[in-house]
Amino acid sequence: MTQTTTPFPLVIVAFALALVVSACGSTSQSTRATPDEALEPVAKDVELTQASSDCESGDALGCTLAGAFFLDGVEIPRDDARAVELLARSCAGDNGLGCALLASMYVTGRGVEADEARAHTLYEKACSLRAPLGCFALATMHYHGRVVDRSAAEAARYFSMGCDLGEARACRQLGRLHESGEGLEQNPAHAAALYLRGCLSGDQHACADLRTSFNIEQGRKSDDARLVEILIKSCDDGFATGCVMHGVLLEGGQGVARNRVEASRQYKRGCDLGDVFGCTLLGHLHESGQGTARDTRRAATLYDDACKSGHAQGCSNLGNMYLGGQGVARDVQRAVELYTGACEAGQGRACFNLALLFERGHAGGIDKDEARAALLYRVACESGFASGCNSLAYFYDEGIGVQKDDARAAELYRRACEMSHAKGCFNRAICHELGQIGQVDPIEAIRYYDKSCALDYPVACHNLGNRLLEHGDGAMTNVQAVDAFEKACRAGHGMACSRLGDLLLDGARFPKSPLRAVRALSTGCDGGDAASCLKLGETLQTGDGLPVDIARARGAFEKACRAGLAPACVQLRRLGELDS
753 MTQTTTPFPL VIVAFALALV VSACGSTSQS TRATPDEALE PVAKDVELTQ ASSDCESGDA
813 LGCTLAGAFF LDGVEIPRDD ARAVELLARS CAGDNGLGCA LLASMYVTGR GVEADEARAH
873 TLYEKACSLR APLGCFALAT MHYHGRVVDR SAAEAARYFS MGCDLGEARA CRQLGRLHES
933 GEGLEQNPAH AAALYLRGCL SGDQHACADL RTSFNIEQGR KSDDARLVEI LIKSCDDGFA
993 TGCVMHGVLL EGGQGVARNR VEASRQYKRG CDLGDVFGCT LLGHLHESGQ GTARDTRRAA
1053 TLYDDACKSG HAQGCSNLGN MYLGGQGVAR DVQRAVELYT GACEAGQGRA CFNLALLFER
1113 GHAGGIDKDE ARAALLYRVA CESGFASGCN SLAYFYDEGI GVQKDDARAA ELYRRACEMS
1173 HAKGCFNRAI CHELGQIGQV DPIEAIRYYD KSCALDYPVA CHNLGNRLLE HGDGAMTNVQ
1233 AVDAFEKACR AGHGMACSRL GDLLLDGARF PKSPLRAVRA LSTGCDGGDA ASCLKLGETL
1293 QTGDGLPVDI ARARGAFEKA CRAGLAPACV QLRRLGELDS
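With this note's numbering applied, the sequence shown corresponds to residues 753 to 1332, in that order.
Quick caveat, the hints were computed from the structure, so don't treat them as lab data. Misleading hints may appear alongside valid ones.
Okay, derived cross-link-like pairs now, DSSO-like style, lysine-lysine, Cα gap no bigger than 27 Å in a straight line [what the hints assert, rightly or not]:
#, residue 1, residue 2
1, K1156, K1120
2, K1120, K877
3, K985, K973
4, K1020, K1060
5, K985, K1020
6, K1264, K1311
7, K973, K1020
All chains should be modelled from the sequences, with the hints used to inform the complete structure.
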């Protein structure tokens, strides 16, 4: 599913809507987790300077970002008049988000004389520019009769536009109108489909509406099965979102056996009925060849159709196609245009991809610009894209494109972790180990390693095992440590296999189990860990409660010796002497 669709920046957007309605070493592996491939005033000024420079160069998005900094007023002095000036330039340059933020200032009279009629006009422009926030705000004004005659039907029309553009809250509000029959025909099944769409896009209130109105809790097998029945009815009634949401459950295997072939059919039904989200999801299946024949040209066409209808994720996915030359001729500049448009609409992944291009530079005509990359990572982070927070934290950690700031890095790692980003949790743990947030705190480090391990990051599981042994206090802790090492070993972390083998052979802190130890060491050795190979060879050579196996021991010693472990080479020579 998509990332949360709330547009950048969260602080500003929440304000606008209210007006309407390493890382931070140790004996474990303590190098920070690198960013995904895919604040003091001075530090903030670096980002503000970049945004202001972009604005002066005629970049409307730069004007929006610079205006948002002054409107925010969290880390630099608030300046409403300057914010109005910059956002007005942004809106004049046809940046939809800039128009929407400027409209919010006219609603409250911040920096300008309050003028709801002017705000309505600006929201109309924002919505026409396919800014989700503009459509959502415009719908709310029509629903409450602000400036215009109250009209639930007009509100429904704009909520529908906002939902199509990826605004989760607009989907929820449209669902409530379908449920109540206000402004359109009452249809609870359609409401459920819209609540599910909002819920899966990150709107917790939409999840609550599913629970309250339908007694459906996402993730419960019986509830998901009942939801499938409701969505089938909605789709059969010709409601596009019902078809698309049924496809989502089919693709994910929620409440029904996973069936990507049938999911592709449901996405096509929804797409043909006009749901651009369904077109984007169908495009992804064609791109990956899951549930349908792999056809990158068809995928690019579907993304293009969705993008032209204002669906930011479709634009972002199409940008990927142009960047990689899949289904379309390779065109880096076109990819940048698509990423930029999707980023402006609040698509965090698009902002992140754009940041990657500026961080590294690209032979397709993109100069390396780390300050601009930092700014875009910030936008991705504020849009709810966890990898953006982790990458921005890494920049603050290393002083790349911004002034080095350990405290700011640690806070951003925490935010990434809260969004279930494994590397963010891992890096936050290292911050606690190094005392970059105050005193060294091994207990907090363990807590964050545990979170990262639960998110299947094997290095974190290895570090968790070591920290539990160092700071734990009993048999239960030892069991947890073994479990952590075992999980890391199964995921291919050789050092964890070696450590696990030690514990299972020693028998001091955990019941001795030579058979489990040999299995763990074999896994590590097969994965190329020389220490595991050496210990495996020693165990097989002596038996240690198991049958002696000199042939396997020799093979293990050979691997370790080739990897440069001198003791393994010594053992090989001894075995040769015994053979002679």
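Verification of the supplied hints:
1. K1156 / K1120: With a Cα-Cα distance of about 19 Å, the restraint between K1156 and K1120 holds, given a limit of 27 Å.
2. K1120 / K877: violated (34 Å)
3. K985 / K973: Between K985 and K973 the Cα gap is close to 19 Å, so the pair holds against 27 Å.
4. K1020 / K1060: holds (17 Å)
5. K985 / K1020: holds (17 Å)
6. K1264 / K1311: Measuring from Cα to Cα gives roughly 26 Å; hence the hint holds.
7. K973 / K1020: holds (26 Å)
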